[in-house]
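Number of protein chains: 2
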Amino acid sequence: MGKLLIVGTVAFDAIETPFGKTDKILGGAATFIGLAASQFDVQSAIVSIVGDDFPQEYIDLLKNKNIDITSLEVVKGGKTFFWKGKYHNDLNSRDTLVTELNTLADFKPVVPQNFTTADVVMLGNLHPDIQMSVIDQMTKRPKLVILDTMNFWMDNTLEELMRVIKHTDIITINDGEARQLTHEYSLVKAAEEIQKMGPKYVVIKKGEHGALLFHKDDVFFAPALPLEEVFDPTGAGDTFAGGFAGYLAATGNASFNNIKNAVIHGSNLASFCVERFGTERMVDLKRDEINKRLHQFKALTQFDIELQ
Amino acid sequence: MGKLLIVGTVAFDAIETPFGKTDKILGGAATFIGLAASQFDVQSAIVSIVGDDFPQEYIDLLKNKNIDITSLEVVKGGKTFFWKGKYHNDLNSRDTLVTELNTLADFKPVVPQNFTTADVVMLGNLHPDIQMSVIDQMTKRPKLVILDTMNFWMDNTLEELMRVIKHTDIITINDGEARQLTHEYSLVKAAEEIQKMGPKYVVIKKGEHGALLFHKDDVFFAPALPLEEVFDPTGAGDTFAGGFAGYLAATGNASFNNIKNAVIHGSNLASFCVERFGTERMVDLKRDEINKRLHQFKALTQFDIELQ
Chain R
1 MGKLLIVGTV AFDAIETPFG KTDKILGGAA TFIGLAASQF DVQSAIVSIV GDDFPQEYID
61 LLKNKNIDIT SLEVVKGGKT FFWKGKYHND LNSRDTLVTE LNTLADFKPV VPQNFTTADV
121 VMLGNLHPDI QMSVIDQMTK RPKLVILDTM NFWMDNTLEE LMRVIKHTDI ITINDGEARQ
181 LTHEYSLVKA AEEIQKMGPK YVVIKKGEHG ALLFHKDDVF FAPALPLEEV FDPTGAGDTF
241 AGGFAGYLAA TGNASFNNIK NAVIHGSNLA SFCVERFGTE RMVDLKRDEI NKRLHQFKAL
301 TQFDIELQ
Chain Y
1 MGKLLIVGTV AFDAIETPFG KTDKILGGAA TFIGLAASQF DVQSAIVSIV GDDFPQEYID
61 LLKNKNIDIT SLEVVKGGKT FFWKGKYHND LNSRDTLVTE LNTLADFKPV VPQNFTTADV
121 VMLGNLHPDI QMSVIDQMTK RPKLVILDTM NFWMDNTLEE LMRVIKHTDI ITINDGEARQ
181 LTHEYSLVKA AEEIQKMGPK YVVIKKGEHG ALLFHKDDVF FAPALPLEEV FDPTGAGDTF
241 AGGFAGYLAA TGNASFNNIK NAVIHGSNLA SFCVERFGTE RMVDLKRDEI NKRLHQFKAL
301 TQFDIELQ
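Line by line, the protein sequences give chains R and Y.
Each residue of the first sequence is one higher than the last, beginning at 1 in the UniProt record's numbering.
Each residue of the second sequence is one higher than the last, beginning at 1 in the UniProt record's numbering.
Since the hints were derived computationally from the structure, they do not count as laboratory data.
Any given hint might turn out to be false.
One copy or any two copies: either way a pair holds, since identical chains are not told apart in the list.
Claimed, not checked - BS3-like cross-link-like pairs, simulated, lysine-lysine; straight-line CA separation at most 27 Å:
no., residue 1, residue 2
1, 206, 140
2, 196, 166
3, 65, 200
4, 76, 166
5, 143, 76
6, 200, 21
7, 189, 86
Turn these sequences into a full structure, and let the hints steer you where they fit.
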């Protein structure tokens with residue numbers, strides 16, 4: 001069993017899609033990552049911050065998934081990070097209606113003592129200085145540092161972000177962000193450029209169009225499972241990252257072939273996440289549902305052409 | 001060796017992309033289909049029409065690919081169908097600048113006698129009445145009727161198009177068109193609806209995002225090969241269709257597994273087409289280049305996860 005350290009937001013989300021809307025529900029990058037990773041044989045911890053408006057029920061939910069929450073700081077009198085967004089009709093784009101940083105504004109992450117030697121560090125989308133602070137607290141070089149980030153940090157804190165990227169083994173980034181970061185339209189070229197910045201592996205997420213994994217001359221592609229309905233894309237990218245990191249921490253093998261498998265496991269879990277609002281589908285997702293869908297992934301992509 | 005009957009335009013294209021522009025060069029759906037299909041062990045014929053401004057050199061090119069051009073009508077004093085288009089910077093969309101139907105306006109297709117019993121009929125994008133006329137001339141029900149079409153015919157001749165679709169075994173259509181035809185946003189639902197209209201197999205082309213094959217509860221996905229540069233997308237869809245139809249005609253096997261292989265072969269050939277202007281890359285494409293890229297397709301998509 002490997003150790004997985006997760007840093008990221010634990011938050012309230014309020015979501016509107018063409019199919020309905022929610023009040024404040026459980027959200028945040030670290031939450032989705034933790035829930036997805038809990039499907040694998042890992043010992044994980046979340047480093048994050050919330051206010052005392054954060055319900056005990058949500059804390060218990062994470063605890064019950066065997067996630068170490070020693071370093072989930074609860075600020076007395078503080079309010080939890082809140083995001084409110086509305087998806088457009090095609091679900092491929094959204095407007096952010098509200099972002100309240102609240103306690104997150106003064107977040108100083110503290111890595112739990114027994115996780116300073118974690119095998120895998122998953123840096124969820126956050127200010128790069130917070131991500132860097134977590135890397136700096138590791139007393140042993142982790143086998144893998146995995147970074148997720150977004151265009152907001154490229155626009156506002158590029159220098160700080162580049163420093164984190166330099167210390168990263170695997171970056172997960174969406175197609176538009178890969179283009180923004182490198183000024184290359186071709187994703188093949190963008191992935192080449194990003195590898196020069198530090199990461200040995202580049203995962204480019206294309207949402208409903210799947211994910212690409214690049215490493216030197218090797219490329220691997222995993223489609224998103226075609227679904228009858230996508231209900232709410234919130235957290236799909238984080239769920240991908242959580243499945244990806246969780247599988248790698250559990251297997252402890254950073255070969256290209258195993259990272260390919262991690263991409264499949266991440267895509268597989270993300271295909272569940274989008275079927276309900278927020279974390280709803282992930283909370284009681286069963287092993288046999290996951291296995292069944294892995295079979296579907298295999299049927300979707302595997303072929304047998306005689307090669308010459 | 002199977003017999004493949006191709007109907008579609010043989011044309012002049014003038015193309016502008018961010019990388020350059022051409023004068024009138026060889027183009028047309030049937031041209032791209034024929035060139036791609038010629039990579040397989042098939043006996044193929046093109047039914048189409050041109051004016052006497054169409055160079056002998058282009059006719060010889062098709063002949064030299066062993067394409068039967070008995071029914072490529074050359075109209076004395078007539079002018080060849082001409083399309084001029086300009087691609088936007090991302091190459092995902094384009095503006096049509098000129099469409100001159102010319103001889104195509106009065107095209108009455110005549111299927112060559114020895115192709116009225118062809119195994120596979122590939123109906124390239126054309127007025128649905130012309131496509132239907134070809135089906136009507138077949139003296140034996142073909143093993144497979146494959147239809148390619150576009151939104152223009154949905155907008156203007158929907159009733160005629162629906163009649164052709166009813167007689168079709170496999171339809172190839174892009175994602176936007178599948179949505180338009182069915183008023184379903186989900187491609188899974190769209191493919192279900194299209195199967196009710198006639199075709200047993202539905203291929204949904206998503207350009208750089210690959211292609212999906214649907215048949216009852218079976219789904220297969222083939223990515224587009226990630227390329228350093230896409231130079232000119234013109235003809236990529238037709239090249240896909242030509243590789244797809246050519247492989248099926250050559251193998252004479254309409255099982256789901258073999259149609260999966262046809263999707264891979266079509267995607268593989270399309271990945272070459274976009275590397276140069278028009279038919280340039282397809283004209284002297286070598287077997288070993290094709291085989292090499294099939295290996296890349298396999299590496300791109302195949303994984304080995306232990307399933308439970």
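Structure-based check of each hint:
no.: 1; hint: 206 to 140; in the structure: neither (33 Å within a copy, 45 Å between copies)
no.: 2; hint: 196 to 166; in the structure: within (9 Å within a copy, 53 Å between copies)
no.: 3; hint: 65 to 200; in the structure: neither (31 Å within a copy, 45 Å between copies)
no.: 4; hint: 76 to 166; in the structure: neither (36 Å within a copy, 67 Å between copies)
no.: 5; hint: 143 to 76; in the structure: neither (36 Å within a copy, 73 Å between copies)
no.: 6; hint: 200 to 21; in the structure: neither (40 Å within a copy, 38 Å between copies)
no.: 7; hint: 189 to 86; in the structure: between (33 Å within a copy, 24 Å between copies)
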